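**Q** Sequence:
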Amino acid sequence: MGLTGNSQDELVDLIYAALLGEATWQQFLDRLSLMLPGGASTLFFHDAISNTGSWSLASGLKENITDAYADHFAARNPWMKKAAIRPVGVGVVAEQMLTRESLLQTEFYNDFLHPLGLESAVGITIHREKGCSFLLSTLTNRADPERNREAADCLTKLAPHLQRAFRHYRASPYLKPVAELGGSLFDAIDVGLLIIGEDMTIKVASTTGQRLLSEGGVVRTSPLGKLTLALPAATALLQSMLERGFKGVRVQSLFLDSFKLTFVRVRKDRISAYFEGPTVIVLMEPPHAGSRAVDFEHLAHAFNLTAAEMRAMTGIVLGRSIDEIAAAAGVSRETIRTQLKNVYGKTGATGQADLVRLVTRGADISSLQQ
1 MGLTGNSQDE LVDLIYAALL GEATWQQFLD RLSLMLPGGA STLFFHDAIS NTGSWSLASG
61 LKENITDAYA DHFAARNPWM KKAAIRPVGV GVVAEQMLTR ESLLQTEFYN DFLHPLGLES
121 AVGITIHREK GCSFLLSTLT NRADPERNRE AADCLTKLAP HLQRAFRHYR ASPYLKPVAE
181 LGGSLFDAID VGLLIIGEDM TIKVASTTGQ RLLSEGGVVR TSPLGKLTLA LPAATALLQS
241 MLERGFKGVR VQSLFLDSFK LTFVRVRKDR ISAYFEGPTV IVLMEPPHAG SRAVDFEHLA
301 HAFNLTAAEM RAMTGIVLGR SIDEIAAAAG VSRETIRTQL KNVYGKTGAT GQADLVRLVT
361 RGADISSLQQ
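Residues 1 to 370 in the UniProt record's numbering are what the sequence shown spells out, letter by letter.
For the record, the hints were derived by calculation from the structure and aren't laboratory data.
Quick caveat, the model's predicted, so the values are computed rather than measured.
It cannot be assumed that every hint is accurate.
[What the hints assert, rightly or not] 27 Å max Cα-Cα, derived DSSO-like pairs, lysine-lysine:
hint, residue 1, residue 2
1, K268, K130
2, K81, K62
3, K247, K130
4, K157, K81
5, K130, K81
6, K260, K157
7, K62, K130
8, K130, K82
9, K81, K247
10, K260, K226
11, K203, K82
12, K157, K203
13, K226, K247
14, K268, K247
15, K62, K226
16, K260, K247
17, K62, K247
18, K157, K226
19, K341, K268
20, K226, K203
21, K203, K130
22, K130, K157
23, K247, K157
24, K247, K203
[Stated by the list, open to error] Cβ pair distances, simulated, as ranges:
hint, residue 1, residue 2, range
25, L231, T99, 25 to 35 Å
26, E10, A233, 30 to 40 Å
27, T156, A23, 18 to 28 Å
28, D13, T228, 42 to 52 Å
29, T156, T338, 40 to 50 Å
30, A230, N141, 52 to 62 Å
31, A75, T228, 26 to 36 Å
Every residue gets a Cβ at the ideal spot worked out from N, C-alpha and C, and that includes glycine.
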């Protein structure tokens, strides 16, 4: 199916329907792929500084293909050098970034595009910040740039709507449940909670977290509202966990001036991760006699929790609803309910508050196992 005025209107409608939850971004990409023969559309990002990137959500491409792109071919995508400096909001054909003759000589074309039956692409930069570009592209088996130009022009017309979507997700109060419920639960046991976004920006601070920030001991706020830590190694660890390409351990702890800091990288669905960026929750437990800091790995071993049960328990402890945990994990609500039932049965916790006390203050786990 080619492009008509009606099809462009349909794409705009799908953008806003996705924002309202009446459609999905996958449906938008599926429809966008019909612009070009053999079309395969993707929302993706590329960091020009680290030369890394990922196809966050794709249509017409299998998961092993998107994994191969992130693991190897993102660093070899010859279009990205020009994409890093091209105007934001203007659709282009691939040949505006690299001649076809040059493309045919690259590993990216010969080992990636061509085996998939793809020859060219159109694309647009939706947003750019600190060297990281957020893009939308449709790949095609048609090599003629002149015949592909209409599709590039369509992306230009979609740009203002996509940019509004980007701003909406960035400003979305998606962390409110964590701030209100999780924050109050942690405040009750004198554990500070901070929610940190990209570039070390403090998104939410619980009452105890605000107090610890104002004291300026182990954690403090910079004049620009960003988190700084007294230990450079702690800052470096948190910064690495906030990188979009982070693939390390999602829950990590360290001690700082008798405090135990636990960093939890929030698991998100692909579209939330694309628009919102990474989020890390920082838990700060002061030195209390007889108390225990959060140690998720130890809990998992002590109570024989599966990875899925740990995921459900962590979500509940951090104040997330069952629906939010299920959406992030890509499973049904009933699956999460079953996993939580198993958690309560294995730990002996009687409810959410009891589970939080177990995780953050912790009785003697060895006695609980007996």
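**Q** Each hint: holds or not?
**A** Hints and how they fare:
1. K268 <-> K130: holds (22 Å)
2. K81 <-> K62: Between K81 and K62 the Cα gap is close to 25 Å, so the pair holds against 27 Å.
3. K247 <-> K130: Given pair K247, K130 holds - Cα atoms ~21 Å apart, limit 27 Å.
4. K157 <-> K81: holds (24 Å)
5. K130 <-> K81: holds (15 Å)
6. K260 <-> K157: violated (50 Å)
7. K62 <-> K130: Violated: K62 and K130 sit about 30 Å apart, past 27 Å.
8. K130 <-> K82: Roughly 16 Å between the alpha carbons, so the hint for K130 and K82 holds.
9. K81 <-> K247: holds (24 Å)
10. K260 <-> K226: holds (20 Å)
11. K203 <-> K82: It is violated: about 33 Å lies between the C-alpha atoms, which goes past 27 Å.
12. K157 <-> K203: violated (32 Å)
13. K226 <-> K247: holds (23 Å)
14. K268 <-> K247: holds (14 Å)
15. K62 <-> K226: violated (38 Å)
16. K260 <-> K247: Holds: K260 and K247 sit about 23 Å apart, inside 27 Å.
17. K62 <-> K247: Roughly 20 Å separates the two Cα atoms, so the pair holds.
18. K157 <-> K226: Violated. K157 to K226 sits at ~35 Å, over the 27 Å cutoff.
19. K341 <-> K268: holds (23 Å)
20. K226 <-> K203: holds (9 Å)
21. K203 <-> K130: holds (19 Å)
22. K130 <-> K157: holds (25 Å)
23. K247 <-> K157: The hint is violated at about 35 Å.
24. K247 <-> K203: holds (23 Å)
25. L231 <-> T99: 25 to 35 Å: violated (50 Å)
26. E10 <-> A233: 30 to 40 Å: 51 Å Cβ-Cβ, so the 30 to 40 Å window is violated.
27. T156 <-> A23: 18 to 28 Å: holds (22 Å)
28. D13 <-> T228: 42 to 52 Å: holds (44 Å)
29. T156 <-> T338: 40 to 50 Å: Holds: the Cβ-Cβ distance is about 48 Å, inside 40 to 50 Å.
30. A230 <-> N141: 52 to 62 Å: holds (56 Å)
31. A75 <-> T228: 26 to 36 Å: Since the Cβ atoms of A75 and T228 sit about 31 Å apart, the hinted range of 26 to 36 Å holds.
The structure fails hints 6, 7, 11, 12, 15, 18, 23, 25, 26 (numbered hints given earlier, in ascending order).
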